[in-house]
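Residue numbers (the working numbering), protein chains in the order written: chain A, 95 to 399; chain B, 26 to 533; chain C, 584 to 919; chain D, 16 to 351.
There may be inaccurate statements among the hints.
Here are the simulated PhoX-like cross-link-like pairs (lysine-lysine), alpha carbons at most 25 Å apart as the crow flies [said to hold, decoys possible]: (1) Lys322/A to Lys744/C; (2) Lys143/A to Lys184/A; (3) Lys234/A to Lys321/A; (4) Lys143/A to Lys109/A; (5) Lys336/A to Lys744/C; (6) Lys143/A to Lys129/A; (7) Lys187/A to Lys150/A; (8) Lys143/A to Lys187/A; (9) Lys321/A to Lys744/C.
Residues of chain C placed beyond 12 Å of chain D at every Cβ, according to the derived structure [said to hold, decoys possible]: (10) Ala596; (11) Leu601; (12) Leu602; (13) Gly611; (14) Phe613; (15) Asp673; (16) Gly682; (17) Leu685; (18) Ala689; (19) Ala741; (20) Val758; (21) Ile760; (22) Val765; (23) Arg800; (24) Gly879.
Just so you have them, the derived chain D footprint on chain B, three or more residues with Cβ under 8 Å [claimed, not checked]: (25) 93-105; (26) 131-139.
No lab work stands behind these hints: they were computed from the structure. The model shown is predicted, which means the values in this text are computed figures rather than measured ones. Every residue gets a Cβ at the ideal spot worked out from N, C-alpha and C, and that includes glycine.
Chain by chain, the residues:
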Amino acid sequence: GGDDGDSGSGGGDGKLVLGFSQVGAESGWRTANTKSIQESAASAGVELKFSDAQGKQENQIKAIRNFITQRVDVIAFSPVVESGWDTVLKEAKDANIPVILTDRAVDSQDTSLYKTFIGSDFVLEGKKAGEWLVKDYEGKTDPVNIVELQGTPGAAPANDRKAGFADVIKADPKFKVVASQTGQFTRTDGKQVMETFLKAQPKIDVLYAHNDDMGLGAIEAIEAAGKKPGTDIKIITVDAVKDGMTALSEGKINYIVECSPLLGPQLMDLAKKVKAGETVPQRVLTEETTFTPEQAKAVLAERKY
Amino acid sequence: MGSRPPVLEMTGIRKVFPGVTALDDVDFRLLPGEVHALMGENGAGKSTLIKVLTGVYGTDGGEIRLGDTSVLFGSPLQAQQAGISTVYQEVNLCTNLSVAENIFIGREPRSLGRIRWAEMRRRAVELLARLDLTLDVSAPLSTYSLAIQQMVAIARAIDIDAKVLILDEPTSSLDASEVAQLFAVMRRLKDAGVAILFVSHFLDQVYEVADRMTVLRNGRLIGEYRTADLPQMQLVARMIGKDLEALEELESQPRSSARELERGPLIAKAVGLGRAGGIAPFDMEIHAGEVVGLAGLLGSGRTEMARLFFGADRADTGHLEIDGKPLVLRSPRTAMAHGIGFSSENRRTEGVVAELSVRENIILALQAARGWTRPIARRRQDELVDKYVKALNIRPADPDMPVRNLSGGNQQKVLLARWLITEPRLLIIDEPTRGIDVGAKAEIQRIVAELADGGTAVLFVSAELDEVLRLSHKIEVLRDRRLVEELDNTDDVDADRVMRTIAGGVAS
Amino acid sequence: MNFVRHRLFWPAAILVALLASNIFFSSGFFSITVHDGHLYGSIIDILRRSAPLILVGIGMTLVIATGGIDLSVGSVMAISGALACLLIGDLDNQNSVIGVLLACAAGIVLSLVLGIWNGTLVASIGIQPIIATLILMVAGRGIAQLITDGQILNVTSAPYKVIGAGYTIALPVSVLIAAGMVAIAVVLTRRTALGLLIEAVGGSPTASRLAGIQARRLTIMVYVFSAICAGIAGLIYSSNVSSADSNAAGNLIELDAILAVVIGGTRLTGGRFSLAGTVLGAVLIETLNVTTVSIGIPVETTLLFKAIVVIVLCLVQSAAFRAKVLRRPSRVGASA
Amino acid sequence: MIDVTAPPGTPPAKARNRVLKQNRRHVPVLATLALLIIMYAVGVANYRGFSDTQVVLNIFVDNAFLLVVAAGMTFVILTGGIDLSVGAVVALTTTVAATLLHAGWSAAVVLPLVLLMGTVLGLGMGAVIHFFQVEPFIATLAGMFLARGIALLINRNSIPITDGFWTAMAEERIRFGPGVFISTSVVISLVVVLIGAYVLAYTRFGRTVYAIGGSADSALLMGLPVGRTRIAVYTLSGFCSALGGVLYSFYMSSGYSLNAQGMELDAIAAVVIGGVLLTGGSGYLFGTVLGVLVLGLIQTIITFQGTLSSWWTRIVVGVLLFAFIVLQRAVTRRSR
Ligand SMILES: Nc1ncnc2c1ncn2[C@@H]1O[C@H](COP(=O)(O)OP(=O)(O)OP(=O)(O)O)[C@@H](O)[C@H]1O
Ligand SMILES: Nc1ncnc2c1ncn2[C@@H]1O[C@H](COP(=O)(O)OP(=O)(O)OP(=O)(O)O)[C@@H](O)[C@H]1O
Ligand SMILES: [Mg+2]
Ligand SMILES: [Mg+2]
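Bound conformation, chain A alone (with noise of 0.2 Å):
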């Protein structure tokens, strides 16, 4: 859902506190996604009580019960991992207070755990990732041999991105993953893992990166070696971040799914909308997009993160 109610006070009874545990700032898209649910609270009027987990499962289920026991309105969290939340959503629930999950899921059965889930879709980032190199290749019939930069091995979007990637091209066997290797999510990793790919495999067509900053990094191994990123190896990567998009205007991405870090101005209204007791969707999708070269130089302009 994507109406703008806002700016009406929510509750009425005075200031909405929102306590917001972040996973913590593991990536330039993670400050983004924070900077805007701080700008959007702000803007909003509400009370954010902000707290960085570092990365850690127990900070952040150490942040829920310090929430709790500060009696905050409403709970929010990017979970860091799926799993293992159900007794501390419960215990937020008995001090019934809504909790909003943003960014990932968790995979509790008990859905009435949390009010509502906004964030991306990992594994439909994944089946747009491939269903473009599907249309890409539509009708060549030689195969075609994808080199794979994995996230951070474990981690939720890594194993979501990779498997909705596999999905979609297993349908055809001309697409071929020769290679697939973490690269960390990072800069470094995707440029160092992408050279030993461009040594050992005498054939690389296409290049899958879970996130732009791989992405940017292969782009420089690929130049390094004499090749123009782009063209002589095509590279789908997920994000959209401001580099990436730059790289993606350059031509040197030739497709970038967006994973939308902004999900600030949506996590707002929701949270209004669940202290009024309003019924909200059981799954809010942030509204997210593809991009290819042209649209890139569109928006790049106002691309801010």
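Fit chains B, C and D with the ligands to the supplied structure of chain A, relying on the hints for placement.
Frame of chain A, contents of chains B, C and D with the ligands only:
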């Protein structure tokens, strides 16, 4: 006594270390109820033999029979369980544990596996009393001086009831009274049928307690003798394999007091220098060319006094005057800058750096004084090192051997060499002859005398009173960590004159 | 037979084995071609990747030799990289060599200050090294993020890129820098008495104090050196991708560095140290990383693979193991 | 008789001296306790609701697993060793437990099984360290790779635990009043600590641990079972990690191969902050408890502060740690 079967018999023992054959076809027998002295120069192989016997090292050949069973211990623990109790050469205790624990650990009094601390302390106190010591048994061992640690080690060993008791240089830094105590205990055990293996470089001690002795030289067996049958001079001859004349002149050292002393300028002056818990404030002067000896009982504060002159411990009262100028010793560094050198009594923890080579250990102090930017040229290093390896007869004479691999006595020599090459104006040596064999000891005494003649001031600490008497011009007598009297070492001063002062017989 | 006895024989053997194993998977592994004016090939990659680890490693070696440890190297890397990129970003002409040099100088100077901080905590205040440096390890990353404001700072500066990704005389600049620092370290420690004094302090602090060695000054020096090495490594790291990622930079590198040091035969208890050994260790580790990728070990099993290599390594390196298992069983003397 | 305990002075002096010596050994721990209380007071003064009893209890609730792991680590460090594998073993335990429970095994089987697994891993590392004289650092680092590797191999994703027993343990609360409670894990961890403290203080094994830390060579020559004890210590640490892992999986009611990353550092930090010397031979388990509380309290202050960005969080943690350590150092040093 020869008729009785040996409790312990080692035959054809061989031990080879990379580069060195420490033991070569050595036989050794220990009879029940005897005190058997194992004699030999530094590096002869005494400690190695003991370590092979007690399972610290494996053998490279030979057989060990305990009673009538052939044994090969995998660890000291097994040896102990088989009834062999050992005091190894260097003090091998855990100084972070309390005195009582060091005596009993491994054999603590327990009920249902729970250590009974109170009883352990009580028994520790009793046991130490047998050695005429009163310590705070619950204080960490580290708060006690080396000699006392040595006594604790002995206490531990004699309390283990064993068929065989091994003492490797137990008396190296004890003085007369402790030695007497120790011997009394040894005799008691001996009468109880315990066989005792005793290592010492003090010949008269050996002749006092030992029934028989085995002599080693360069890892080879020279022979096994009844003490009665072998006069001192011959023993020494067998140990170092020199002819008798050579020895006579070694032994006949002139007493310093005999040589008239031309007292040089005042070098160091202690003014009310003192340290709580260590030594009461004292005044003292040392002049160039003068050897000042410190005499006192164990724990009387000699080491503490020496350490204050070097700034090894911070004095908390008084100050030091060097060349008449007052000086606060913040660290040994400052002392060295003013030409003071100090060789600690505790060579293992405060002396050598075990993993560094002989060469590096010898040049360490000199290099530290020069600072890291001015390394000593390799050629110069070789000169210095070779000179003292020869002079002190350090064995094996391989400058690049890690000091860890040297025998105790040789390590002591290395430590001494370190300070000799710095050519200090005031040299403080605490127990420099600890664990050093007769030959080398005489050599060291000669060097000290020469230094003095050359105008160096020497502060000389030794548990061996004769040595102090022979070398020093002036003797400072300490009692209960207090300087009680200063004696000019004239001919009328002798051992029992000093002993009386120490004992407090003479009004001070 | 004698070289088999050499301390570094076994690590070297493993290294060779790893390199060899690549040949089966990528035929061209050892081929080094000349490619627009510089050498190009897997071996070169390995060397380039090793550069930061070698730098951090040699610094760590000296720290460990004094009986200490430096956990903060990773954070220092992040900070120096971040600062350099920040300053270059502010240049009106990012390609001005002077400006870039100044920026790098700033990064290194800041690292130096951080080194003094570590050294002082350890030597003057007497805090246990692991905790003293843990403080900077934690806070340092925060500082780096503060500098970059949590974002990835991009720079488009040709001269800066040279440090980490450029070549001179056909060789990677980063490798040359690392080699230079190793040379400096070797000269500092072996041509002067520094090495001896450090080994003495690490071997026996009390003994060296009584020998008149000023442990305090030495200790501070080694932490400063370590920090400077880390700082330079940080520059190389960020220059390699022309951007400062204060999260990823030097993350967990302290473990690899310590591992490299230990593989190189320097004992963590301090004392004798071997710079050559550390370099070998660092190259070995990076070779391992490259190998896992180039022979296509699946992501799930990468760690297992590393574990096995490390286990094999530390076993064959142990004399005791060789004596007990590889040769006919014979008791080895207990360490006494 | 020569009385060497008394400095120049009279018997009463001796008595006093002895009392002093006694207390002196406890100063580090007492100082830590005092500072901890001060730190808590500061928290109370600054944050609304900090004085709430539950805040203190939560520190225990949230750190029960760390406490258990740190207890095992204390034994290892007291012998002068180190165990880097703990975090990974925790992760492995949670993963295996979760997987098996997911596969429908009964808790009665899984629980002992995972505990055994951790213990065996520890035993293995201890054996390698003792028999092959491998540096504890590498041996346990290999163990760390191995444990995480296996965990990752078993499952990349986090696995929910729905088993009745587990959820019961997770949600069971021991209440002292409205909103004042602790979890069963807290009880378990405290029991572990008490047993550990007893073993260290009153058993032959415990004292041997201290002896080895003081000087392994001497301990060997004193005829102590050095080898056995060393191995036992790592085995114990392995067990504690596994138990910690179980508590962790209670706490998270899930298993995940990336759990507890860097927990080894937290554990080591806790132990060292608690006044245990990394070189071994001195320190108390009670100190470790304080160490854990310090880390927990810092974390709590951070959460109460709220509004701290990621980097400021890190910086503040560092600063608090620094302040604490330096004060602790100042106090203990004065008493020397
Ligand atoms: N661990 C070792 N490695 C190599 N060589 C050793 C080792 N231990 C002893 N040695 C050598 O073995 C020889 C005998 O040493 P040992 O300690 O037995 O002499 P010692 O008779 O005890 O001398 P001291 O009277 O000085 O104690 C010496 O040359 C010594 O250098
Ligand atoms: N670091 C210390 N802390 C507390 N007490 C100490 C310390 N060092 C020595 N002592 C005490 O001071 C007394 C004097 O020690 P010192 O070593 O000076 O005696 P000593 O005359 O040298 O006798 P010896 O050296 O033969 O033991 C010792 O008996 C010991 O009890
Ligand atoms: Mg000996
Ligand atoms: Mg003394």
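Status of each hint after checking the structure:
For the given pair, Lys322/A sits about 19 Å from Lys744/C by alpha-carbon distance, which is consistent with the 25 Å threshold. Under the criterion of a C-alpha separation no larger than 25 Å, the hint pairing Lys143/A with Lys184/A is consistent with the structure, at around 20 Å. For the hint linking Lys234/A to Lys321/A, the alpha-carbon distance of about 22 Å falls within 25 Å, and the restraint holds. This hinted pair checks out: Lys143/A and Lys109/A have alpha carbons roughly 12 Å apart, not beyond 25 Å.
For the hint linking Lys336/A to Lys744/C, the alpha-carbon distance of about 21 Å falls within 25 Å, and the restraint holds. Of the pairs offered as hints, the one joining Lys143/A and Lys129/A holds, with about 13 Å between alpha carbons and a cut-off of 25 Å not exceeded. Simply put, Lys187/A and Lys150/A have alpha-carbon atoms about 22 Å apart, close enough for the 25 Å limit, and the pair holds. Between Lys143/A and Lys187/A the CA atoms are separated by roughly 19 Å; this keeps the pair inside 25 Å, and the hint holds.
Of the supplied pair hints, the one linking Lys321/A and Lys744/C holds, its CA atoms being roughly 19 Å apart against a limit of 25 Å. With a least beta-carbon separation of about 17 Å from chain D, Ala596/C lies farther than 12 Å from that chain, consistent with its non-interface assignment. Every Cβ of chain D is farther than 12 Å from the Cβ of Leu601/C; the closest lies at roughly 16 Å, confirming the non-interface assignment. With a cut of 12 Å on Cβ distances, Leu602/C stays outside the contact zone with chain D, its closest approach being about 21 Å.
Distance check for Gly611/C against chain D: the nearest CB is about 29 Å away, which clears 12 Å, and the non-interface claim stands. Annotated as non-interface, Phe613/C keeps its C-beta farther than 12 Å from every C-beta of chain D; the closest such distance is 27 Å. With 12 Å as the threshold on Cβ separation, the claim that Asp673/C sits away from chain D holds: the shortest Cβ distance comes to roughly 20 Å. Distance check on Gly682/C: its Cβ is at least 26 Å (rounded) from any Cβ of chain D, clearing the 12 Å threshold; non-interface status holds.
No Cβ of chain D approaches the Cβ of Leu685/C within 12 Å, the least distance being about 25 Å, so the stated non-interface status holds. At roughly 20 Å from the closest C-beta of chain D, the C-beta of Ala689/C stays outside 12 Å, upholding its exclusion from the interface. Consistency note on Ala741/C: stated as away from chain D, and its beta-carbon is indeed over 12 Å from all of that chain's, at 30 Å minimum. Distance check for Val758/C against chain D: the nearest CB is about 26 Å away, which clears 12 Å, and the non-interface claim stands.
The Cβ of Ile760/C lies farther than 12 Å from every Cβ of chain D, with a closest approach of about 28 Å, so its non-interface assignment holds. For Val765/C, the non-interface assignment is confirmed: its Cβ lies about 23 Å from the closest Cβ of chain D, beyond the 12 Å cut-off. In this structure Arg800/C is separated from chain D by more than 12 Å, as the shortest Cβ-Cβ distance comes to about 20 Å. Distance to chain D confirms Gly879/C as a non-interface residue, since its nearest Cβ pair spans about 16 Å, more than 12 Å.
Counting residues of the stretch 93-105 of chain B whose beta carbon lies closer than 8 Å to any beta carbon of chain D gives 5, which reaches the threshold of three, so the coverage claim holds. For the stretch 131-139 of chain B, the stated coverage by chain D is satisfied: 5 residues place a CB nearer than 8 Å to a CB of that chain, which reaches the threshold of 3.
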